[in-house]
Structure formats: structure tokens, C-alpha cells
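Generate the whole structure from the sequences, applying the supplied hints.
Chains as they are written, first to last, in numbering that gives the first Met the number 0: chain P, 0 to 197; chain A, 0 to 294.
Treat the hints as calculated values from the structure; they're not laboratory data. Quick reminder that beta carbons are idealized off the backbone N, C-alpha and C, glycines included. Don't take every hint at face value.
Claimed, not checked - Some chain P residues close to chain A (C-beta under 8 Å, calculated; not the full set): (1) Asn20; (2) Val22; (3) Arg24; (4) Pro25; (5) Phe59; (6) Asp63; (7) Glu92; (8) Ser93; (9) Met95; (10) Ala97; (11) Glu99; (12) Ala100.
Claimed, not checked - What follows is a set of in silico ranges between Cβ atoms, one per label pair, in the way DEER data are often shown: (13) P:Trp168 - A:Pro202: 31 to 39 Å; (14) A:Ala57 - P:Arg81: 38 to 46 Å; (15) A:Pro272 - P:Arg162: 54 to 62 Å; (16) A:Ile3 - P:Ile123: 51 to 59 Å; (17) A:Asp270 - P:Ser52: 38 to 46 Å; (18) A:Gly265 - P:Glu35: 39 to 47 Å; (19) P:Ser8 - A:Arg39: 47 to 55 Å; (20) P:Gln72 - A:Ile3: 55 to 63 Å; (21) P:Arg129 - A:Ser102: 43 to 51 Å; (22) P:Cys15 - A:Asn134: 25 to 33 Å; (23) P:Leu71 - A:Gly203: 18 to 26 Å.
Next come the chains, spelled out residue by residue.
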Amino acid sequence: MINHIDVSSMLRKSVCELYSNLVTRPTGAAVRCEIEQELDRIGDRALTVIDFSHVGLLDFSCADEIVAKLLLQYVSLDAPRREVYFLFRGISESHMDAIEAVLERHKLALVTQHADGGSRLVGIVDVDERSAWEIISHLGAGVSADVIEVADATGLSLERAERMLDTLWRRRLVIRHDNGYVAVGSATAPVEPMRLDA
Amino acid sequence: MTTIINVPHSLEDKSFEQVLDQVAPLPLDEKIIVDTRHARWASPYGLTALLALAQSRAERPVLYVPEAENVSHYWSRMDFFKHAAELYEIQGRVKSTKAAETSVLLEVTSISKSDDVHDVVDKIQQRAQDALVKNLNLDAKITMRFTMALSEVCQNIVEHAGRGGWVAVQTYTWRVRLGGRKVVVIAVCDPGIGFRQSLESAPGFQKRERWDDGQALEETVMRGASRFRDPGRGQGLAGVRKFVGTWDGKLSIRSGTARIAVLPKGDWDEDEPLLEDLSYFPGAQVQITIPERVA
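In C-alpha cells, the structure reads:
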């Protein structure tokens, strides 16, 4: 199921009705806690849109608290907390400055979606991972790619392609679906809404 | 005993060293009179540092106000006297004024908690766009980045200083080095524990063979060190450094007996990257300067 979390609403709910800027570490921590409570309500397997459209300013401290620490909890190569995927929307250029800095610091990556529906992988990913993600992403809304297709398209061995897809899945950049993989971002395109809990 | 501290005519980051040279040797509980009667001009750094100076003294100091009416008016419009009245025994006539000062982006403002940073950010956003884009010919992209940098340097007080400090932002024409080019200046001053003591409070901290205020500034500003173990810490100043680099600006931070500067690529400033063995002043004093864009 696809959920939508409006970060600006979380800010007003958790910190102050009047604030529209995400600044200071305590503010970021409070907003993240509010988001986590929302995530606790939506089950163990979900795709969640984190929407920054109504956020004015995002500073580095808040980006670290909200984006990096959220990802660190749910996106881990070892034992992710739950199967929660994130898609970040409404990211402005100045938001991106702060987000890219914290992703680099923690060696994380995420998927952003633009107003035209196009998705972009940002943060720290190696060349093969990026190439595989883009191949899967270009297949279109909700279409999954299997290991053989990805190996063929990237020129990697089957074993290596499988390992890399598993890494992308553990990093919650692709979704395991129908014996294949769907890129986070393409799953939310309006053509064919996808249900993860089906 | 009471000692008179003479404040130079032009009070900014460099000339404030003359004030500190006079104050540093004195015992903390010695009464001082800060004599600004002959002051003709003060930068945001000068005004915020004067407040931090009063906070750093055990005995409430006396402030002789500027004699020149336009100077006194201007300091009033910057809200300097409003705060100074709580820290100094003020002597001399201060005229209150309600006239707005168009060059002032942010009057001298107290920072001691997270909410103060929110207030500063809300306030400056309304004024920054016009000042930076129209008056300084800077790209519109700067407004948000400028506010981010301001937020981060203010947060340093809340997170590290251990006591309240001050921020002020203003545009003015920098005649000395830029031949009349306008600049926007952020000054943030606190009399707290400073960079060295902050790093020393880190769990498991071990002093190196050479460890002083200069080293602490280099570690923090150039290498992103922080007293917190959390690897996400220390990004704020790194972001500020990147911001000043992008806009050919200058960042200088003084703490204890040292001052570090991230210098502009252009040739509008000839400062030293690191100055050591300065007169001691507690806390941290930060200045960010962004020059007008010229074709």
C-alpha cells in the first residue's frame, strides 16, 4: 500500500502550528518521531511517500535528523527494521543541498520523484547499482525486472547481478515484486497503482 | 579598581581585538568601563561582541554610549541598547527610535534556545530576498542557502556554547577593501565554552601533543569534528563553508586565543587563514561575509 506523509503537517503537529521551516536538531528529531509513529501504524510492508512540498527551509541538522536517521533505521544492509520503502517528493534545490550532504556523510541513498513523475536516485551508490536501478526504473510503472534481464542489460554475470539486486533491495531502492524487482518511484506512477500488501 | 576600555572609532572584527587586548589581562571581577563615546561606526560583529563581552564579566560593566547622535540612533535601531541595558550600566543619553533601518536584515537578537533559531529564520526570510537579490545582485538561489547558513551558526550557540549569545545581520558598503562594494554580514557571538572546551568534552577525548584553540578550530571547521559521537554531527559548519565558497564569501571564527578564516577565492580580502596567540576571549565569535556580485 502506498502511504503519504506530509512533512510540513508533521512539523506543525509535533513542534509548532506556526512553523514552516525545518531548522534545528530538536525540531528534526521531533518530526522524525512523528513520522515513525505514522509508520508504526501502517504495517510491516509499505511504500511511503515523504512529501516536503510545503516545507520552506531544511537545514543540515534537520536533514540529518529527519532524512538520514529515518533511512538508517529502515534501510540497512544487515537487518532493516521493516520492509518500508521511501519515496521523497517536493524536494527543492535548497532541500537537496542539505539532503545530499547528509546522504554522503552516512553513505546512504534515496529516490526522489519530481513533479513530472520522473524519479531520480540520489546519494551514494556505485556505478553498477545506479545503472541497474535506472534500467529497472525505465521499464515503467509497476513493471518488474528479473535477474536475467538486469544481467543482460548491465553485462554483469547472473551471480553478480543477483547480489547487486539484493543489495539494492536491502537499501530499499528497489521493491521485490512478482519474482522480480520494481524501482522505487516507478511503483507510484499513476498508470497502475501497486499494492505491496497484496 | 576600575579600568576604562577604549573602543576604537570603527568597531568591527579586526578592531575589536584592541578591546580584547585591554580586557584580557584584567581579573574577571574587576570593574570595567567600556567607553564607546568616540565610536563612529560598528559592524554587527562589533555590536554582538560588545554584548558577549559584558556577559563574560563577573562584575557588571559600565557602558559610555556614543556621543555622535547618528551613531547612537543607529545602535538603537539595531536593538543594541535594548539588550545592553540588561548587561551594562548604561551612562549617557540614548534616544529610542522606531524608524526602520533598511540595511538591517536582522537586529541584534538573543539566541539561547531552539525556538530562537526558528524566530530568526522566519524573520530573515521576509527580508533577505530583497537585500540579497536586488541590492547585492546575487542569484535568487542564495536566499535559502543564506538562511540555512544563518540557522547553522545560530545553532552552534544552542548546541555547544552552554549559554546564550547574539546574532545580527546587516548589509553595508565595505569601503576599505572592496572599493565601495556592498556586502551582507552575519555575526554570531557568544561567551560560552568555545570550540576547544567543547571538543574536550567528547567521550574518550585525548589531548594530543599540540592541542590549543587553533587546533580545535582546525579540527572543527576544516575537518568537521564534533564533541558528539553521532557521525551526523559536524555537518553544519561544513555546509556553511561550502556556502561561503559558492558565493565567494568569507567565514571567520574566533574562539579562545585563535581565529580561523575560510578565505574567498577572489582577491577582495587579504586575511590570514589562521591567527594564534590572540588575547583570550571566551566562547565563539563567527562572521560570514558575502560580497555583492559585480559584472
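*Starting from the hint list further up, note which numbers the structure goes against and sort them upward.*
9, 11, 14, 15
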